[in-house]
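Peer 1: Chains as they are written, first to last, in the working numbering: chain A, 582 to 760; chain B, 4 to 545.
Any given hint could turn out to be false.
As the list claims (entries may be wrong) - Below, in silico cross-link-like pairs of lysine-lysine (PhoX-like), each with a Cα-Cα straight-line distance of 25 Å or less:
#1 A:Lys623 / B:Lys188
#2 B:Lys229 / B:Lys385
#3 B:Lys427 / A:Lys655
#4 B:Lys188 / A:Lys626
#5 B:Lys458 / A:Lys626
#6 B:Lys427 / A:Lys670
#7 A:Lys655 / B:Lys492
#8 B:Lys191 / A:Lys623
As the list claims (entries may be wrong) - Some but not every residue of chain A turned toward chain B, in silico, with C-beta under 8 Å:
#9 Glu588
#10 Asp594
#11 Leu683
#12 Cys706
#13 Val727
#14 Phe731
As the list claims (entries may be wrong) - Simulated restraints on C-beta separations:
#15 A:Leu758 / B:Ala247: 53 to 63 Å
#16 B:Met141 / A:Leu618: 34 to 44 Å
#17 B:Pro133 / A:Arg659: 48 to 58 Å
#18 B:Gln197 / A:Tyr707: 34 to 44 Å
#19 B:Arg103 / A:Lys691: 50 to 60 Å
#20 B:Ile471 / A:Ile757: 54 to 64 Å
#21 B:Gly164 / A:Trp669: 18 to 28 Å
#22 A:Arg708 / B:Phe195: 35 to 45 Å
#23 A:Leu618 / B:Gln490: 30 to 40 Å
#24 A:Ala726 / B:Asp5: 40 to 50 Å
#25 B:Arg103 / A:Ile605: 41 to 51 Å
#26 B:Arg103 / A:Pro596: 29 to 39 Å
By construction, these hints were calculated from the structure, which means they are not laboratory data. Remember, predicted model here, so these are calculated numbers, not experimental data. Just so you know, even glycine gets a beta-carbon here, dropped at the ideal spot from N, CA and C.
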Amino acid sequence: MSKDRSEEIRRFDGPLRGQALFAIVFLVASALLLSQLGNETKWAKGTQFFAQPRFWPAVSVIGMVLFGGLHLWKLPRRGFERVDVVEWKIWFFAIEYVIWFLAYVMLVPKLGYLPMTIVLMLTLCYRLGYRSRMMLGSAVLVALAVVVVFKSFLSVKIPGGAIYEYLPDALRSFFILNF
Amino acid sequence: MDLILSSLEILARWDVMIALLVGSIGGVLIGAIPGVGPAVAIAILLPATFSLDPIVGLTVLLGIYGSSMYGGSIPAILINTPGTAVNALTTYDGYPMTTRGEARRALSLAYSSSFFGGVFSVICLVLFAPVLAKIAPMFGSREIFLAALLGIILVVVAHRGQSLIAAALACFGIFLHTVGLEPVKYSKRFTFEQSWLSSGVDLIVVVLGLFAISQAIFLLQGQDEKIRMTKLRGGLFQGMRELARHPRVATASASLGVVMGMIPGVGEFTAQFLSYTYAQRTSERPDDFGKGASEGLIAAETSNNAVPAAAMVPLLALGIPGEALTAMMLSVFYVHNVVPGPQLFQNDMDFVVALYLALLILNVLVLIFLLFATNQLIKVVKIPNRFLGASILTLSFVGVYSLRNSFTDCLIAACFGIFGFVLKRLNLPAVPIVLGMVLGGIMEVKLRAGMARVKTPFDFIDRPVAMILFIMILGVLILHFRYVWQQRKLLKEAKWQAKHKSTSFAAQMSRRKDYLLMERGKRLREKRSKYAPRLTDKNSPR
Chain A
582 MSKDRSEEIR RFDGPLRGQA LFAIVFLVAS ALLLSQLGNE TKWAKGTQFF
632 AQPRFWPAVS VIGMVLFGGL HLWKLPRRGF ERVDVVEWKI WFFAIEYVIW
682 FLAYVMLVPK LGYLPMTIVL MLTLCYRLGY RSRMMLGSAV LVALAVVVVF
732 KSFLSVKIPG GAIYEYLPDA LRSFFILNF
Chain B
4 MDLILSSLEI LARWDVMIAL LVGSIGGVLI GAIPGVGPAV AIAILLPATF
54 SLDPIVGLTV LLGIYGSSMY GGSIPAILIN TPGTAVNALT TYDGYPMTTR
104 GEARRALSLA YSSSFFGGVF SVICLVLFAP VLAKIAPMFG SREIFLAALL
154 GIILVVVAHR GQSLIAAALA CFGIFLHTVG LEPVKYSKRF TFEQSWLSSG
204 VDLIVVVLGL FAISQAIFLL QGQDEKIRMT KLRGGLFQGM RELARHPRVA
254 TASASLGVVM GMIPGVGEFT AQFLSYTYAQ RTSERPDDFG KGASEGLIAA
304 ETSNNAVPAA AMVPLLALGI PGEALTAMML SVFYVHNVVP GPQLFQNDMD
354 FVVALYLALL ILNVLVLIFL LFATNQLIKV VKIPNRFLGA SILTLSFVGV
404 YSLRNSFTDC LIAACFGIFG FVLKRLNLPA VPIVLGMVLG GIMEVKLRAG
454 MARVKTPFDF IDRPVAMILF IMILGVLILH FRYVWQQRKL LKEAKWQAKH
504 KSTSFAAQMS RRKDYLLMER GKRLREKRSK YAPRLTDKNS PR
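Please work from the sequences and hints to get the whole structure.
Peer 2: Set out below in structure tokens:
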């Protein structure tokens with residue numbers, strides 16, 4: 582690390598770990614989008630410059646490249662160190678919760694909103710290390726409250742689970758509408 | 004008077020009253036839980052409010068927005084952790100009061116100051132509404148474009164020390180808005196031949212990803228904190244009396260909150276900072292600030308609660324949101340075909356005043372609720388962080404999936420969740436993305452309409468309001484570049500000082516030697532050796 586940069590590092594607003602990779606990825610992605618500007622937007626003949634369909638995508642993508650590049654250039658440290666690797670691992674492991682979320686999204690239309698929400702809250706709490714009866718009970722209560730408030734009272738558009746088709750006639754429509 | 008009566012008529016419905024009650028109490032609860040915040044709550048509730056009447060939906064969201072800061076002061080004072088980001092300054096003087104055993108006094112003062120700030124701003128704006136109704140029609144396409152541009156520039160420059168990445172992220176927001184089918188020429192933009200991109204990227208999906216899912220991941224990846232709660236002693240009604248002893252600080256802070264709230268992109272942080280600095284400079288005991296000064300607490304809480312009502316001004320009068328929460332509320336207007344802007348002020352003034360009166364009522368409701376329920380409310384602070392994360396993840400599903408029952412939306416939201424999580428880890432702002440999306444759309448439409456009637460570039464700013472806005476843009480840019488230049492100079496000075504202090508001893512010795520060998524240096528050495536001869540100098544007289 583250059584000695585000249587120590588003052589900039591001290592004055593940098595926020596943690597320095599991971600900044601370089603983020604700035605590089607942002608700049609590369611912006612440059613790729615800029616390279617596709619001609620293919621992905623059209624120039625309409627006989628239309629004013631500011632009303633061109635290409636105008637605002639061009640402004641935004643050029644802005645991303647310009648400011649993203651300047652941000653990378655002004656970073657006090659552009660190289661990678663051990664702390665950066667630790668940070669990347671944290672970013673990578675966050676994907677686990679995205680998988681939980683997407684699995685939940687996929688299973689709700691099949692297994693139903695109420696059962697899946699209870700299952701998600703219980704298993705996620707178990708995964709997080711909450712094993713006491715109080716915490717697991719709270720998880721079930723939260724799941725129940727979410728479903729009752731949003732689906733039963735506010736009637737948000739969430740489809741009834743396919744599994745409800747196996748319920749007796751009297752219960753089926755009630756469950757499809759409310760849970 | 005007729006206007007106020009017709010506005011009260013709009014509010015006099017049982018569903019509006021329930022919405023007010025739910026919004027205000029829910030907002031306090033959300034604010035009191037560190038790690039949730041109004042942005043997460045509003046993002047989750049947004050799609051649920053689409054099925055409600057505009058006034059009902061907006062009242063719930065306004066309730067959360069206006070009351071969350073009341074709740075946010077509770078953990079800020081009791082455990083030194085701000086419930087919402089804007090309560091950070093409350094910890095400076097609130098927590099030291101708690102450590103002195105004056106937690107009740109601090110809470111009472113915070114509630115009273117918040118109440119004063121909230122009510123003051125609403126009264127100011129109700130009185131100011133007729134003036135606004137006269138000014139708003141002066142805003143045509145060009146003026147609204149310039150106001151939106153000013154808003155986006157202010158949002159960028161407000162992120163001091165991060166303005167480059169804030170600008171890049173604002174441009175990213177504008178880019179996201181342009182994806183999909185262009186509405187005038189019907190040409191596809193950045194769809195990469197993917198049908199799911201043709202309809203564009205939904206603002207709510209992005210907001211939910213950036214604010215709710217990212218926060219859930221952030222909490223799930225973190226650790227639960229052990230919280231030690233202080234027992235509350237004393238009365239909660241003493242705050243009003245104490246507030247009355249500092250009318251100057253309270254009024255100045257509330258006024259600053261109103262003014263700063265009206266300027267897009269500035270918001271609570273600047274209002275608080277200015278109020279706190281003013282209170283400290285004009286105080287008889289400035290050294291007490293940061294150690295439990297009641298004036299500091301008044302300044303922080305009054306100014307941040309004066310902002311929500313004022314922040315509704317650019318949104319309602321011009322259709323320009325100044326920050327993320329009002330940007331989210333804008334989508335409620337759009338869903339119900341209520342177009343905020345000059346026409347709303349001209350044609351539906353009673354609707355505008357009804358919203359302000361709703362804010363006034365919710366301030367009263369919140370104060371009553373807090374005076375009687377604080378002892379029970381402080382228990383929510385103890386909810387473990389990771390459990391909250393799991394709950395937010397579950398709630399995020401409702402927000403995204405109920406929009407169109409689309410797995411793709413959830414996937415996009417999850418991607419923005421990861422992106423928002425990375426931004427949070429790096430302490431980078433997500434707000435410019437949301438404002439870029441909203442203001443980018445406004446700028447595109449208004450620039451196209453404005454330029455259609457313009458022959459030369461100067462014609463664009465030949466109207467008085469447009470000229471004022473243009474001068475303001477130039478002024479903001481000049482001030483920002485001056486600040487950047489000063490920072491650069493300071494950095495250079497600091498570097499120079501650091502270098503001479505200890506970093507390079509050999510280089511310093513070398514420079515000293517060069518200096519002494521110079522003609523002037525020689526004379527100086529000769530002079531010094533005359534009065535203070537060195538022991539090692541053989542020629543010196545003894």
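Peer 1: All hints, please: hold or fail.
Peer 2: Tested hints:
1. A:Lys623 / B:Lys188: holds, 9 Å
2. B:Lys229 / B:Lys385: Status holds; Cα separation ~8 Å.
3. B:Lys427 / A:Lys655: holds, 20 Å
4. B:Lys188 / A:Lys626: Answer holds: B:Lys188 to A:Lys626 is near 11 Å, not above 25 Å.
5. B:Lys458 / A:Lys626: Roughly 19 Å separates the two Cα atoms, so the pair holds.
6. B:Lys427 / A:Lys670: Holds. B:Lys427 to A:Lys670 sits at ~15 Å (cutoff 25 Å).
7. A:Lys655 / B:Lys492: holds, 15 Å
8. B:Lys191 / A:Lys623: holds, 8 Å
9. Glu588: holds, 5 Å
10. Asp594: holds, 4 Å
11. Leu683: holds, 6 Å
12. Cys706: The hint holds - A:Cys706 has a Cβ within 8 Å of chain B, the shortest such distance being about 6 Å.
13. Val727: Nearest chain B Cβ about 6 Å off; hint holds.
14. Phe731: holds, 5 Å
15. A:Leu758 / B:Ala247: 53 to 63 Å: Hint holds: Cβ distance 54 Å, inside 53 to 63 Å.
16. B:Met141 / A:Leu618: 34 to 44 Å: Since the Cβ atoms of B:Met141 and A:Leu618 sit about 37 Å apart, the hinted range of 34 to 44 Å holds.
17. B:Pro133 / A:Arg659: 48 to 58 Å: holds, 56 Å
18. B:Gln197 / A:Tyr707: 34 to 44 Å: Between B:Gln197 and A:Tyr707, where Cβ atoms are some 38 Å apart, the hint holds.
19. B:Arg103 / A:Lys691: 50 to 60 Å: Holds, at about 58 Å.
20. B:Ile471 / A:Ile757: 54 to 64 Å: For B:Ile471 and A:Ile757 the Cβ distance comes to about 58 Å; the hint holds.
21. B:Gly164 / A:Trp669: 18 to 28 Å: holds, 24 Å
22. A:Arg708 / B:Phe195: 35 to 45 Å: Cβ of A:Arg708 to Cβ of B:Phe195: about 36 Å, so the range 35 to 45 Å holds.
23. A:Leu618 / B:Gln490: 30 to 40 Å: Taking Cβ atoms as reference, A:Leu618 and B:Gln490 lie about 34 Å apart, which means the hint holds.
24. A:Ala726 / B:Asp5: 40 to 50 Å: Roughly 43 Å apart at Cβ, these two residues keep to the hinted range, so it holds.
25. B:Arg103 / A:Ile605: 41 to 51 Å: Taking Cβ atoms as reference, B:Arg103 and A:Ile605 lie about 49 Å apart, which means the hint holds.
26. B:Arg103 / A:Pro596: 29 to 39 Å: Holds, since B:Arg103 and A:Pro596 (Cβ atoms, about 33 Å apart) stay within the stated range.
Violated hints are absent here; each numbered hint is respected by the structure.
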